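Undergrad: If you read the sequences in order, they're chains A and B.
First residue of the first sequence: 1, per our numbering; consecutive thereafter.
First residue of the second sequence: 1001, per our numbering; consecutive thereafter.
Hints listed in this document are in silico derivations from the structure and should not be mistaken for laboratory results.
Keep in mind the model is a prediction, meaning the values are calculated, not measured.
By construction, the Cβ of each residue, glycine as well, lies at the ideal position given by its N, Cα and C atoms.
Heads up, a few of these hints could be off.
[What the hints assert, rightly or not] Pairwise CB distance ranges (calculated): (1) B:I1069 x A:Q205: 52 to 60 Å; (2) A:Q68 x B:P1264: 31 to 39 Å; (3) B:G1111 x A:N3: 42 to 50 Å; (4) A:V102 x B:V1317: 50 to 58 Å; (5) B:I1310 x A:A8: 35 to 43 Å; (6) A:L160 x B:S1233: 30 to 38 Å.
[Claimed, not checked] To spell it out: a stretch of chain B is covered by chain A in this simulated footprint if at least three of its residues, at any positions, have a beta carbon under 8 Å from a beta carbon of chain A; those stretches are: (7) 1201-1215; (8) 1282-1291.
Here's the letter readout for the chains.
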Amino acid sequence: MMNNLYLADITRGIFKENPIFRLVLGMCPTLAITVLVKNGLGMGLAVIAVLTCSNVVISSLRRFIPEQVRIPCYIVIIATFVTIIEMVLQAFVPALYDALGVFVPLIVVNCIILGRAEAFAGKQPVLRSLFDGIGSGLGFTLGLLLLSLVREVFGSGTLLAETNFAVQLFGANFEPMRIFAQPAGAFIVLGLLLALTNIVFKRLQID
Amino acid sequence: MNDNLVISSSPHIRTFQTVRGVMVDVLIALGPVVAVSILLFGYRALLTMTVAMLAAMLAEALWLHQWNIFGDGSAAVTGLLLAMTLPPDVAWWIPAIGSVTAIIIGKQVYGGIGNNIFNPALVGRAVLVVSWGTHLVGPIWPVPKPFHFFADISAVTTATPLAGEAEALGTTLSQLFIGNTGGCLGETSAMALLLGGLWLLYKGHIDWRIPGAFIGTVWLMGTLFGGAFYNNSVTTGLFHLLAGGVLLGAIFMATDMVTSPVTPWGKLIFGVGCGLITMLIRLFGSYPEGVTFAILTMNALTPLLDKFTIPRKFGEVKQVA
């Protein structure tokens, strides 16, 4: 019975309340860094880490944080973890850190993280908040992966570029459709994927 | 009950005009332009236009699940207009991808004909320009070979008149008017475009206000700010009018019924805006030509223009607040 509750916390973040396709939150990193699958995955993992940690800490401190100043408190907690992640990325994967650029420190103001803190972790017990953070983070990562997969394949003609598993998908004469690698293409792909998920969710009757 | 007394709800007045009829008229209006481009650029022009039209019609038929690929004719018009904006010797897959993009992204995702915000053909072209710019707006264009149907046009190349002053001086105004110059399929011959425009005006499908304001603004801006490099200021204005895609855009694209304003003042402002943005891009921007982005920008403003230029009803009194 309890396990089902935790499982529901995870799947809700992935499907019913997917941050990108259902809540349409955190659009800045979603549109900006999804040029390559590698960047999408890196950003997704960073958000999972920050979201899980901040959810747990906020949830455990929820009785001590005064109602009136809860947002500043949440931001301080989130910023702490973002700083840690930023330093870790800079130390161990400097290439990824450079590719994500300003969007790593901007995780602080990512709507999903503050949204989950405000809507869930600030009211629910620690363990549930932990699973909620993992679920929402996974949902966000899944969305980023989908978006960056489409954009990388059409916009650059590669798969997993800049990693050890890089694959050149098309022949030498292939000229990538460069609009997908540009901001305009990000909006088009996001719109089409939103439409697609709406169709799929309607068919499967997931509200 | 008497059968002569039929009771029904409005509308009671119906027109015999159909979407298909309008689209066929537009295709007829494009006839002279098609003829001139085939005369000038030979089989490559025909190939590009065929591929673009077929791809557009197939995309639309597949999306709508219909067997009749001509349908209401709007896809054929979109495909042909897109082909008009492409260089004559372009690779075959460019018009194909452009047409499919124009129909799907430019029209069908909004809900089909009548619901699109942007001119579909120009959406297709914009995506192509951003994706494969070197194929479309390169500095080098094929020289037309009039009356040689099987000529290999890409053998001899030149720069378009708009590419720079030196290139412009090599082209006379009468050359530009007839169309014997490098450029996109449908933009070279001002004469053929004007013929098509007259036909559309005669059939009542376009209003003089949009093309008039568009062309007038371009001429005025060209005269005032063109730099008089072309003999004198007035001919510089005329040069900006005849070179590039202004006439094609003004007559066939800015006048698209779906994506342009319906009010008289809205149409005038729309045309002036198109002309202004075109000339700003040409004179001060990094692209040599700006008609595509000018019309797309003004398309986005169309609902606003319509909202703020509603004519006052007869007898309406200004409300005192």
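Undergrad: With reference to the structure, classify each hint as holding or not holding.
TA: Each hint, compared with the structure:
1. B:I1069 x A:Q205: 52 to 60 Å: 35 Å, violated
2. A:Q68 x B:P1264: 31 to 39 Å: 57 Å, violated
3. B:G1111 x A:N3: 42 to 50 Å: Given range 42 to 50 Å: holds, Cβ gap about 45 Å.
4. A:V102 x B:V1317: 50 to 58 Å: Holds: the Cβ-Cβ distance is about 56 Å, inside 50 to 58 Å.
5. B:I1310 x A:A8: 35 to 43 Å: 52 Å, violated
6. A:L160 x B:S1233: 30 to 38 Å: 58 Å, violated
7. 1201-1215: That given contact is violated, which follows from only 0 residues of the region 1201-1215 of chain B lying within Cβ reach (below 8 Å) of chain A.
8. 1282-1291: violated (count 0)
Figure legend: structure checked against the earlier numbered hints; hints not met, in rising order: 1, 2, 5, 6, 7 and 8.
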